[in-house]
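Student: Please put together the full structure from these sequences, using the hints given.
Protein sequence lines correspond, in order, to chains H and R. Each residue of the first sequence is one higher than the one before, starting from 1 at the first, in the numbering used here. Each residue of the second sequence is one higher than the one before, starting from 1001 at the first, in the numbering used here.
For the record, the hints were derived by calculation from the structure and aren't laboratory data. All C-beta atoms, glycine included, are put in the ideal place defined by N, C-alpha and C. Please note that the accuracy of each hint is not assured.
[What the hints assert, rightly or not] Across the chosen pairs, the derived CB separations fall in these ranges:
1) 1649/R - 53/H: 20 to 30 Å
2) 1663/R - 59/H: 25 to 35 Å
3) 87/H - 1664/R: 41 to 51 Å
[As the list claims (entries may be wrong)] Calculated Cβ distances over 12 Å to all of chain R for the following chain H residues:
4) 3
5) 24
6) 46
7) 63
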Amino acid sequence: MSHSLDAYLVLSSLLFAIGTFGFLARRNAIAMLMSIELMLNAVNLAIVAFGAFTPQLAANGAVIALFVIATAAAEATVGLAIVIAIYRNRRTPLVDEYSSMRE
Amino acid sequence: MGIFDAEATTTAGSSTDQLLILLLLALPIAGFAITALIGRRLGTRAWAIAVPAIIVTWAIAMFLVYQTLIVHAYPDGGIHFRLYEWIPAGSFQVDVNFAVDALTAVMLIVVCTVGMLVHVYSIGYMAHDPGRWRFFAYLNFFMFSMLLLVLADNFLLLFVAWELVGLSSYLLIGFWYRRRSAALAAKKAFLVNRVGDLGFSLGIMAIWTTVGTLNFPEVFTQLPALYTSGGLQTWQMAGIALLIFAGAVGKSAQFPLHVWLPDAMEGPTPVSALIHAATMVNAGVYLVARAGTLFSYVPGAMVIVAAIGIFTAILAASIAFTQTDIKRVLAYSTLSQLGYMFAALGVGAYAAAIFHLLAHGFFKGLLFLDSGSVIHGVHEEQDMNRMGALARKMPITHATMLLGSLAIAGIPPLAGFFSKDEILSESFKNGFLWVWAIGIVVALMTAFYMFRLMGKTFYGKSHVDPVVEPKIHESPWTMTVPLILLAIPSAFLGLVVGLPFGNSVISNWLKPVFEPYDVILGRSPEPFQLFGVDGALILVSVAVAVVGMVAAWRLFGFFVVSPRQALVDAWTARVQPLYVASKNKWYFDDLNDLIFVRFGGLVAAGLWWFDVHVIDGAVNGVATLTQGAGREIRHIQTGRVQNYALGIAAGLIIMAIGFLVVVSR
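Tutor: What follows is the structure in C-alpha cells.
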C-alpha cells in the first residue's frame, strides 16, 4: 500500500478514462454498461482514497462509497433490463442500429 | 326600490304606475318576439299581433300623459323608479331605471300616436309584400327601442336605446335588402350614425369620470354644482355638452352628418314617416332638451347648437328646391325642420323646440304617409315629374296633404304656424337676430318647396305613365283613416296647446322641466305684446310664408292656376350654377366620397401596405427564423447514443477546464 494519495488518484483517473473511452467507442450495449461500471468504480476508488488520506472524512468516505455501490447496482439492473428489452425488439445489441429516434 | 315595494315613496309612483310604464315596454317587445317567431305562419294577417299590441301601448301611454300633464298626478319632477341593478361593477353602478316627467310625456304623445297610426297604415301599405311579418316585427322592435329611449332615466340605458333605434332604423331602411341601393343606404345610415355615437359615448364616459354617476337627476345636479364651485373648467363643461350634442347631430341628421337621412328614404314609406320624420330623428332634440341644464351653463356651446341647427335648416331647404323624388323633398324638409328645432334649443327656447317637435311629428308623419299613398296610387313611382293632376283621383290624400303642406308652411291657424312662430319670435327676443333672419328666409323657402311638391304632384297636367293612368286609385281605408286621424292634430294641435300666446298650454306643461333652465340662463318671461314686437313678428313670418306659397302656386300650379313651365325654365336658366349645385345636394356626398372613400382609401391602402410588409413581415420573419434554425440544427440529432454521450463528455470537460481557469485566477 502506497503512502501517496496521488498514486490512487492517478489510478482512479486512468480507470475513469478507460471507462469513458469504452463508453464512447464500444458499440455493444453490454460493453457500454460495463464501461459505466468501470467509471463508477473509478470514482469509488477516488472517494475511498480521499477518505483514507483525509482524517475529517475517515468514516464518511466509506459510507459514500457504499451508497455509490448500492446506486450502481440499481443502475446496472435497470440498464440491463432496458438493454434486454431493446434486444428483444431489435435482435441486436449494437447501439448504432437503434436509430429510430433520429431527426 | 322594487316594483311592488310596499314602501314606495311618491316620487317612485304607485305600483300601478310602475306596472303601466313596464307594460309600455313589454307589449311592443312581446309583439316583436311573437311576430318574429310565428309571423310567417300568419300570412296576410302578420299584423294581427303587432298592431293590437301597439294600440294597447298607445292607450296606456295616453293614460300616463293624462296623469302627468292634465291632472298632475305625479310630483313636478316626474316619477323615477329603479327596476333592478344592471351593472354592479365596483364603483361603476348602473341601474335599469325609468322616469316619466313632462318632457317624456310629450314625447310619448308623438311617439305612440304616430307609431300607432303608422302601424295601422302599414296593414294596407304592406298588404302585397311577402316580407310583411318581418316588417311588423321590426316596427314593434322599433317602438320598444324608442319608448325605452324616452323612458330611460340614465345615460347608459338611453345610449342602449339610442343604439337599438339605430339598429331598427338600419333593418327597416334595408327592408328591401335585395335592392342594392337600399342595402347601401342602410349601411350609410349606420356608419354615419356611428360617427355621432362615438362623440356621445365619449361624453357619457366624461360624465362618469367627472361625477361617478349616470342617473339623470344626479348628473344634472352634481355637474352644475361642480362647475359653479370651480371644480370644472368652462371648456370641460362645454366639452361634455358638445360631445352629447355630437350624438344628437348624428341621430337627428344635422350638418355635417345629415347625408344619411335622404338616402334612408329607400325604406318603405311608413318607416320614413315613423322613424325618419316623426320619432327617431327627434331623439337628438330630446337628448339636448333633456341635458339642457348642462347646455344652459355654457352659452358658447348653445351658440354652436343654434348655428349648426339654423345652417342645416337653410342648407336642406335649398336642396329641397330642386329634388324631384317626392320622398327626398320631404326628407330634406325634415332636415330643415330639425334644424329649426336645434336652433330653438340653441337660443334657449326649449319649450318652442319641443312644441315644434310635437307639431312636426304629426304633420311630417302625415305628409310622408300621404306621399306613400301617392306612390302606392301611381304604382311605385316616386319621381314628381311623372305625376301631376292627381287631386281629383285621390281626393282624401290630396286634401290631407294640402292641409299638411299648409301646416308646415306656417299658415295660421294650423299647427306649424304656432310652433314655428314661437321659435322665430323667441330667437328674435333672445337677441339671436341672425337666427331669426335666416329662419325667416327658411320659412319662405319651406312654403315654396312644399307647394312646388304639391303643384307637381296634384295639379297641372298629368305626366303619369299612360299605362298606369287608368289604374290610379285612392288608397284603401286602412291607409286613408290614419291620414285623416293625423290631419286632425296637424290642424288643431296649435289651437289646443299653442294658445294663449306667450303663456301657451304646452309651455305650462313643460314648465317643471324647462323652468330651471330659464333660471340658469337668467331669463324671465316677458309679457306678450300682440300690438307690439310679437304681433309684428307674427305678421312677418306669416307674410313670408304666403309670399313663398303664392310664388310656388304661380310657377307650379294650384287648383285652377295652371303651371308655367316656361317661367320655371327661364328662372332656372338664370341661376344655372346654383340650380345644378342644389340638385347635386351641394356636393356633400361627393365631398364625403373624396375625403373618406378616395383619400381615406389611400390612407387605408398605405396602412395596409405597412401591415402586410412591416407588421406581418416581423411576425413571419420570427417564424421563418425559427423554422430555418430548426431545419439546420436538427442535423445534429443523429439518433446515436454515443454522439450524445460525446457531447456530454465534451461539455463536462469544457466546464471543468473553465472552472479550473476561473479558480486559478
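Student: Each hint needs a verdict: does it hold in this structure or not?
Tutor: Against the structure, the hints:
no. : hint                      : result
1   : 1649/R - 53/H: 20 to 30 Å : holds (28 Å)
2   : 1663/R - 59/H: 25 to 35 Å : holds (28 Å)
3   : 87/H - 1664/R: 41 to 51 Å : holds (47 Å)
4   : 3                         : holds (27 Å)
5   : 24                        : violated (6 Å)
6   : 46                        : holds (14 Å)
7   : 63                        : holds (26 Å)
When held up to the earlier numbered hints, the structure conflicts with hint 5 and nothing else.
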